[in-house]
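With these hints in hand, go ahead and build the complete structure from the sequences.
In order, the protein sequences belong to chains D, V, L and X.
Sequential numbering from 1 applies to the first sequence in our numbering.
Sequential numbering from 1 applies to the second sequence in our numbering.
Sequential numbering from 1 applies to the third sequence in our numbering.
Sequential numbering from 1 applies to the fourth sequence in our numbering.
These are computed hints drawn from the structure, not numbers from a lab.
Not one of these hints is a red herring.
Simulated crosslink set (BS3-like; lysine-lysine; CA at most 25 Å straight-line):
| hint | chain 1 | residue 1 | chain 2 | residue 2 |
| --- | --- | --- | --- | --- |
| 1 | V | K122 | D | K76 |
| 2 | V | K34 | D | K76 |
| 3 | X | K19 | X | K76 |
Protein chains: 4
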Amino acid sequence: MAIERKPVIAIVGAGKCSKKLRDNAAIVARYVAKNGGVVVCGGLEGIMEGAARGAWEGGGVSIGILPGEDRNDANKFITYAIPTGFGEARNIMVIRMADVVVAFPGKYGTLSEMAFALKAGKPVISISAWKVGEDIISMDDPTEAAEKAMELAQAALEE
Amino acid sequence: MAIERKPVIAIVGAGKCSKKLRDNAAIVARYVAKNGGVVVCGGLEGIMEGAARGAWEGGGVSIGILPGEDRNDANKFITYAIPTGFGEARNIMVIRMADVVVAFPGKYGTLSEMAFALKAGKPVISISAWKVGEDIISMDDPTEAAEKAMELAQAALEE
Amino acid sequence: MAIERKPVIAIVGAGKCSKKLRDNAAIVARYVAKNGGVVVCGGLEGIMEGAARGAWEGGGVSIGILPGEDRNDANKFITYAIPTGFGEARNIMVIRMADVVVAFPGKYGTLSEMAFALKAGKPVISISAWKVGEDIISMDDPTEAAEKAMELAQAALEE
Amino acid sequence: MAIERKPVIAIVGAGKCSKKLRDNAAIVARYVAKNGGVVVCGGLEGIMEGAARGAWEGGGVSIGILPGEDRNDANKFITYAIPTGFGEARNIMVIRMADVVVAFPGKYGTLSEMAFALKAGKPVISISAWKVGEDIISMDDPTEAAEKAMELAQAALEE
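Here you go:
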């Protein structure tokens, strides 16, 4: 009778990025959405917008956890915007909500999210993002990365 | 083409309460869900469980913003659980996400949420909860309170 | 050999207030500082500035926990400024650091701080501030309030 | 008439470490304290304890920003303990309070602190810690690192 928990995939990366990277983020998110997963991200532009768009295109849901206090800061594809007013600390919540983190290239904000994920013992799949530590799973193809992410998230849910 | 923002109603109150109060919280949430709104709450037991159950019964969505780090702390009716690890500070996020706050009886945690909502200039409907300040809208009937909440939330969205 | 923990008194209240109230906050803080206590506050203007000034006049220390990211937001009497970037959530830290809370008149932000303190089971002395719940100790004279605060803080330290 | 702002140095690194590393953290902190600076750290064991001990030996002050709600979690050398209840998010506050960050070896928690500091544009001196990005200043000798840290902090204060 209870609601079944769905796999949650965080998609992190730069707030400003190329169209190509945004599209790759959308590919990951679309796969997640089509396969019954939920996308969580920081809710703003760049990789975050690609992620939210992909979830929308895949008929699924994205949660955007915003740094500011105004939910209108969210990009237009975010299903549920959560303004926090906690600034950078909202990154921690993006990671905490997720079963698996998929990281695209980004600067030090992305690095901090990857570090938090690793600290929390969550799988981190890096698509050309920071390579720090042996615990990161490096992949090139966004669809393969999405498959891997969902597989790892399912495993985490069954633990 | 953008996703339409839905009205968001926070339902707050005691983590331990009578069946009657839990049912009243469910009545409010069910009305919100049936009329296209989203319910946000603290994700745990008592009023929060009633709220999540009502949203589920109404075919809608509840967001549960949890104090701890484990999403399994969420009650079984929560659609999307957001573990924060921020303790009491998560109350602030429950309020920030909402357009309108409906408060049921609760102790000082509930009072702090009502105070935050009033500080943020959000309408607070109190169903037999704390009466502090003239800005609180006191109501008795949960269905009427839900109607009022949705009406105020729609007005906030159109601003 | 360990450093002895000093009693910590939070002083909360409006960010804008009369000279009289600011002076009363300073009276409380001065007493605390002269008697070996530490003052913690929100670090900005009004009651917070009075509190920091009083600590400074009494030869003691004030900690100012700021909502923003810039420590230059602190009033000029704050000994140690802690910018958080957490907005209103910093109120919770002001309360958590304290053994006892002394509240001056303020709006809903002050009310939320009092509510958090009561929830955390900390003594709250109200000098003409909100009267919510029987747990609040109401007093009129700032010097007597300061004596009472230090007495309760010492008791808390010895627990 | 205003209180002069003192340079603030964050010292970060593992919560469990060798005596040698703890002593090196103490060397940095002692130098900072003797030269009029303030030490901020996470308040717990390992590098954090070395840092607090050094500040104490140098006749100065350490601020310990704790993840939990209980100030008794602080190591015995912390001058002012600030319990936050915000878990890992307290790392962000440690960084925000500082003008300069000195990083000792640590795992992903340390990496996240370094990443936050770099994101905030603050100088990061790494003493055998993570080497990520060109912006990190790598040094070997703790005394030289402390000198450099104070020099950079003074420059930041004069900006």
